[in-house]
Every structure is written in structure tokens, then in C-alpha cells.
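J.: The residues making up each chain are set out below.
Protein chains: 2
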Amino acid sequence: MADPFAGVDTSDAPYVIVSSDTHAGLQVEDYREHLESRYHRQFDEWAAERHNHRRLMEEMNGDYVEKWESDNAEGLRGAYDPDIRDKELDSDGIAGEVIFADGDAVTGQESPPFGAGLAAGQITDPELAFAGARAHNRWLEGFCATNPPRRAGVALVPIIHDIDESVREIETLAGKPGIKGIMIPTMWHDKPSYGHPSYDPVWAACAEAGLVVHTHSGEGDWDSYNDNLAQFVLEVPFWTHRALWQLMLSGKFDKFPGLKYAVVECGSWWLGDLLWKADTSFGANPKVKKLNAMTKGLISKLPSEYVGTNVFIGASTMSREEIRRRHRNGIDALMWGTDYPHPEGSWPHTRERLETDFRDVSIEDTRLLLGLNAVRCYDLDLPALETIAAGVGPTPEQLNQDPDLRTSPDAIREARWWFDDYGMEWKG
Amino acid sequence: MADPFAGVDTSDAPYVIVSSDTHAGLQVEDYREHLESRYHRQFDEWAAERHNHRRLMEEMNGDYVEKWESDNAEGLRGAYDPDIRDKELDSDGIAGEVIFADGDAVTGQESPPFGAGLAAGQITDPELAFAGARAHNRWLEGFCATNPPRRAGVALVPIIHDIDESVREIETLAGKPGIKGIMIPTMWHDKPSYGHPSYDPVWAACAEAGLVVHTHSGEGDWDSYNDNLAQFVLEVPFWTHRALWQLMLSGKFDKFPGLKYAVVECGSWWLGDLLWKADTSFGANPKVKKLNAMTKGLISKLPSEYVGTNVFIGASTMSREEIRRRHRNGIDALMWGTDYPHPEGSWPHTRERLETDFRDVSIEDTRLLLGLNAVRCYDLDLPALETIAAGVGPTPEQLNQDPDLRTSPDAIREARWWFDDYGMEWKG
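These protein sequences, in sequence, are chains P and S.
The working numbering numbers the first residue of the first sequence as 733 and each following residue consecutively.
The working numbering numbers the first residue of the second sequence as 733 and each following residue consecutively.
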């Protein structure tokens, strides 16, 4: 791999923090004007259903909803108000952000029409899935334009519903300055899986347009959970990162070398073990000749070598253990995120979290995780972000870091222990 | 947890090795006499299909098949010949074994009728699934009786196909001396998932009969792999251990405290991280109150506390990394296995494997992993196994172990780092 630390500033300059996982969206009715008028009748029905959903959430979990919404009343309006949003980013120390749909995770009042955001896979009418996606994408383009260097928008393209229409939408999105990626349905449901060649025009169009493909957590195999939410929570990472292996092991990063994929709000703890398994089963491990044949001709590199070039991880608010595992999982691929304005992440207490969790981490590692990996993944305007960060970013000293702590040149090799264990050549 | 090391012999006495994962089965036609005659017509059709399957395997992978079968010609006949089998166990250093169906993993010539072993979930006619299972179970009972202390049989009960019939079969199996467990289909396909209350009579009957419930690797979501075997290989652990969380998180180990479950030939590397996630999300973590509510009333203990009491791991031939992670994953739950007579495991080179991989492991840890955990899980006859081991088991010295190396009393707590990280009380 290229030296991920080359040129990384180890001074006490403020961190350029890019939150690789934020959410934004209009309140339900406000999407109406962005939707083609021929869908307004269905939209009004859907909006009524959304309000019923909120009433249900209030019945089930009223105290929690009321406390969350009253404690964070102003900040939550940043889901659609750009001035409030910038204030919240500032106070959290965030320079830039990668924006997904569905601003309201608690009662779902900021979902794109017909659930075309995180629930797009569950829509049954392909026409509505695309209509809802286009409505959000139109609004998102304008929203990102309110502060261009700061906002990278992830548009919605429900590829399982219509591949030709998807390619048209990607071509429409290409070159729009605020749009840096697309989100596809996390699961493929009853459609071909993402390794199937029928999706190749989608990957080709994204690679051509420089749009990063995303799956974001949210879906699961609900039929198997018997209303037991714990089953969902434990499985949701599998369903979210499953697309990564579909793309990688079917050779899409070889066929479309410019293709980038990021898995978001799925943590990163699972990655190292699956790279171990994939590297030793499908890569250059001389001890596993029988298995090597399985991907012969489809992939040209070790699975771990795609991480940091084609594969990135929107790891959201990393746990301390995930920070400890950073060299194994991909110091050049992991991207911190706050999940603003959702309750599962670090907002509105990101500074306190960083002050606690990064005290044992080198400055160069921290710069990659908190911002520079995202800058590279999304091709963001680093000088402009540095200017913003100068006013808001915490410094290494503020994160209680040792200015003399440097990352060992062997850190990555030592963390990826399977190269030694299985006698595999380390290419560094 | 109870002290897993209490009373464990740290002398140089030979190891009592129990392979928690072996396979046995008749050659296809030889199952005919164990099958009710009303199924003979369908059996003959199925047997012809099996021979076609072998021809296909020979066409695809002929060199490999020929070399494997000629290199191991005699040992492979131990799939159904008890005298040959005992010779192979002896030379591998194995005292006892836990026997699953499907002796031939390479060309499938020792599958129970209609694929009622590892492929039972894919059978479409429930009547045939049970007929095939009963044929194997009848034969297995006799096979285990050829050397009672040595052989623990795992019978077949395809619970997704008929719950009442499953309970009847479990009641028939109860108390048969060689039968120590049942294998259920790894996946539930289009039937209710294993956390669903409709299966409760099955768990009740197994707890009552003292039969350990198993899922064994082999199935996957084939529709999603586009003939790319690598996708299968990387996902198969998820599909195999999925049942564990269904049972645990839906409270089956609380409702049926005597119920034991083991996941087999699925490795153990994935376990520690999922225990971390489950303990901190659904257990007693004071920081995650919102999530705690998800399993409130269903589970009474931390997820990790069911491991080693209700949950066991037939980890087969552990990798060196899995051996290093033994205290995190469950020093009182992990069970070594050779996978005899399949090619993926350590047979016929188990001794060499043990001599290399256990040199840094304490004697007490090794005794648990190689045999004592299985003795406890399956309630095996330890004195009789010790007599067999006296003639065949390798000694600590033969495994190049340091006789003075003792396991630290803090080893388990240190390995389960999440108790400290999340401020959880350690009950140890």
C-alpha cells in the first residue's frame, strides 16, 4: 500500500474533522414541492402514514422521544436548516460532513417520500422508489450548495428497482458539485445480489462519475426476528457490510478500478477478521491452494489490498476497541462519524468523546481517522476545510495527546498478524 | 462462572482428546435396508442422483478427488467400518468422538437418504426428510454401540419440517446410550426462525432427554452467490452460528435451563466480538439503558454467561489465532475437533498439528480445549476415555509444552476487555 502517513502534519494544528456519517432531510410535508406532481396523491397517503408512525413511536417510547426532542430542540432543526446545522457542526468541532438521508432516526419524520432513503429496499413500486429518490436528490443538491466545502451529499439511487433508471439518475447526478456519492439499498431482497453482472452498468457509471457507492445500516431480515429487536441489533452489521464482499469477491474493483465503496454506520470491528479469512482463503496463501481456485481470474489482489483504495469504512463513532484495532482494520480506510443529528452517535458531545478516546493515539493516526481518509475518499477541498477547521477543530493538545508519539513503521504489518501466521508475503 | 480449572490435572498424563467434530455414514446403497420399505422407490431415484453428483464432482475436480481418495483409501472406509475407524482415531491420538452425518465431504457418497444430513433444510418433502433421518439414526445407534465409551452420536431431527414429528423422534432417541445430541437444519428457510415459540416443544424435549442441539456448517444463501464459491465461504459462519443468537436472545436457555446448544465446524473466531456486542447491548451495561429494554424479561444473564453452560463451540481444528483467543471466546466452551474423515480438518495429521499449535498453551487450558469441555458438554464417561487415552493420547511433553506454565487467574477477565471498557461488573 502507499504510505498512508506521507505528508501528514504532526504539529499541533487543529484537526480537520470530517463526519463521514451525518443525516439531513426535510420534514415530511416539505418534500411535496420537490416531488413530481403526478405522485402527490400517493404522497399525501404516505405522509399520513408517517404521522401514524410517529404516534406509534410516541405510544411505545414517549418519555424517550420527548426528552430527546426537548433536550436537543434547536440542534435537531439542523436536519434541514443550514444555519443551525453549521452552528452544531462548529460546536462539535466538525469541519466537513458526508450527508445521508433520514434526518430523524427517532420517529422517522424526515424520511424522503415513500421511504426512499434507508427504507428504499422495502418499497414495492419501483416508480415510487425513484420518484422519492429524485425528490430528495433535488433538495440535497441545493442543501449542499449552502456551504459547498463543508457538505458532501450522498444521493439516493434504489438500484434494485430498475437498473436502467439507476444509470440515468447517476448520469444526472454526475458533476453536480455537492453530490459525492450514492446510497443503494442495503439489501437486495428478491433481486439479484450485488455481485451479479446485471448491475455492472451501475458500477461503471459510478466509477465514471467519481461517485462513492454506499450501503448504510438500517435493514435486516425482519421476518426472522419475531419482534425481538435484539436479534436485529446483533445481525445488522452483517446485512450492512454484506455488499462489500459481493463487490470485492466478484471482481468489481478489478473490472472498474475507479469504483469506491463505503459501508456506513456499521462499525469497523468485524473487518479485520473477515480480511484475515478472505486473505488466507482467496488470496495468495500457498497453504490453501484448493480454495484459491474459487476466485481465480476474478480478483487480482489480496482482499485487504482493496481496503483504503476501493473500500472505505464510514465507521461513525468508533468504540475504544475499534480505535485500538485501527491498524488491523485499515488506518487508511476508517472514517470517524458523529451520526448527527441521530441519537446513536457522539453528537452533541463529540469533543468530550474525542478528548477521552484518542489520548493514546498518535497525531498522524488521528488525522487519518478523523478527516484525511474522508478527504481522500470523497475528493474534498482540503484547503477550504482547513480554513474552517482553524476556527472549530480541536487540537492534539486539546485531545490530551502526546506530541512525541509516532506510529511505528511496522504497525500495520504487526496488526495484520495473519501474514506471518500463514507464511504470506508482506508487500507493505 | 464456575472455576473451569478446578480439578484439572496439570501432570504429564496423556491428553484425553475428544474430537467434537467427526463424520460417519454408510455408502449410499447401504442405507436402503435401514429405510422403511415404502420409501424404497424414491430412494432408488435419489441414489441414482447421488451417483450423478459424484460424476459431476469428478469432472470438475477429478485430480483432487483421485489424490484424496487414493492417499487415504483405508482411512476413508472408517466412515462406516468401526475397526478401521478405531485405528484412525488411535493414530490421530483421539480417545472419543462426536459423530455427525455425511461421511464423505468430497463427493457426497455417504449422505443419509434424501440428503437428510447436512442438506436436510433443502428437502422439500417433510415425510422424506424424516424417513431419511430415521434411517440414519437407526444405523447410528448401532454404530455407536461398536465402542460405547468412544462414540457419541448426533442424530438427525429436521425440526423445520414438522415439529410434532420432531418431538416424537426426540422421545424415541432419549435414553439410547450412544446418542448424545441432535442436529437440526442449520437454516430455517421459509419456516419460522428458531427463536419462534412454535419450536419450544423441541427445546423442552431435548432439555428433558439431555440431548445437545447442534447446527453444523454447510448451508448458505446460495441464491446470492452467483456461483461464486468465495461468497459462500466468507458467509458460511454467519449462517451456521445464527441459531445460537436466536436461542439465546429469545430466552430459550432461561425457559429451558437444561438446554445445551453447540455450533459445529464454524470456527470460534467470531464469538468474542459478538459476546462483546451482546453483553454491552443487551446485558447489564449501565451506559446502554435504551437497548437493555430489548430483551427485558427474556434473558436473565449476560450473553457471555451462557457460554460454557448452555452454549458450546465445536470449533474443529482451531487456527493458531483462535487458540490465542481462547480465554475471550470461552475456555470452558471451546471443543477441538478433527473433522475426520473430511479433508478440511487435521486428520490424518492431528498429532503434528497439536505439536505445533499448542506449544505456548498451559496444560490446563489444553485439557479443556482438547477434551474436558466435550466430556462435560456431552456427559461422556471420563474414566473409560482415560483408559483409551492412556494408550493413544499425546502427553504435554510430546506437545512441546512447558510443564510449569500455569494459566493466570485473571486470564478470562483480561481477555474479556469489554467489562473494564464499559464499566461493567465482573462476576467472574
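Keep in mind that the hints are not guaranteed to be accurate.
You can't tell identical chains apart in this list, so a pair holds if it fits in one copy or across any two.
[What the hints assert, rightly or not] Subject to a maximum C-alpha distance of 35 angstroms in a straight line, what follows is the list of computed DSBU-like cross-link-like pairs (lysine-lysine):
1) 1009 / 799
2) 1159 / 923
3) 1009 / 1033
4) 819 / 1033
5) 1009 / 819
6) 987 / 819
7) 819 / 1159
Hints were generated in silico from the structure; no laboratory data involved.
J.: Now look at each hint and say whether the structure bears it out.
T.: Hints versus structure:
1. 1009 / 799: Answer is between; shortest inter-copy Cα gap is 26 angstroms, intra-copy 44 angstroms.
2. 1159 / 923: Result: close neither inside a copy nor across copies, 38 angstroms intra and 47 angstroms inter.
3. 1009 / 1033: Answer is both; intra-copy 14 angstroms and inter-copy 31 angstroms each pass.
4. 819 / 1033: Neither: 44 angstroms inside a chain and 43 angstroms across chains, both beyond 35 angstroms.
5. 1009 / 819: between (44 angstroms within a copy, 33 angstroms between copies)
6. 987 / 819: neither (43 angstroms within a copy, 51 angstroms between copies)
7. 819 / 1159: neither (45 angstroms within a copy, 45 angstroms between copies)
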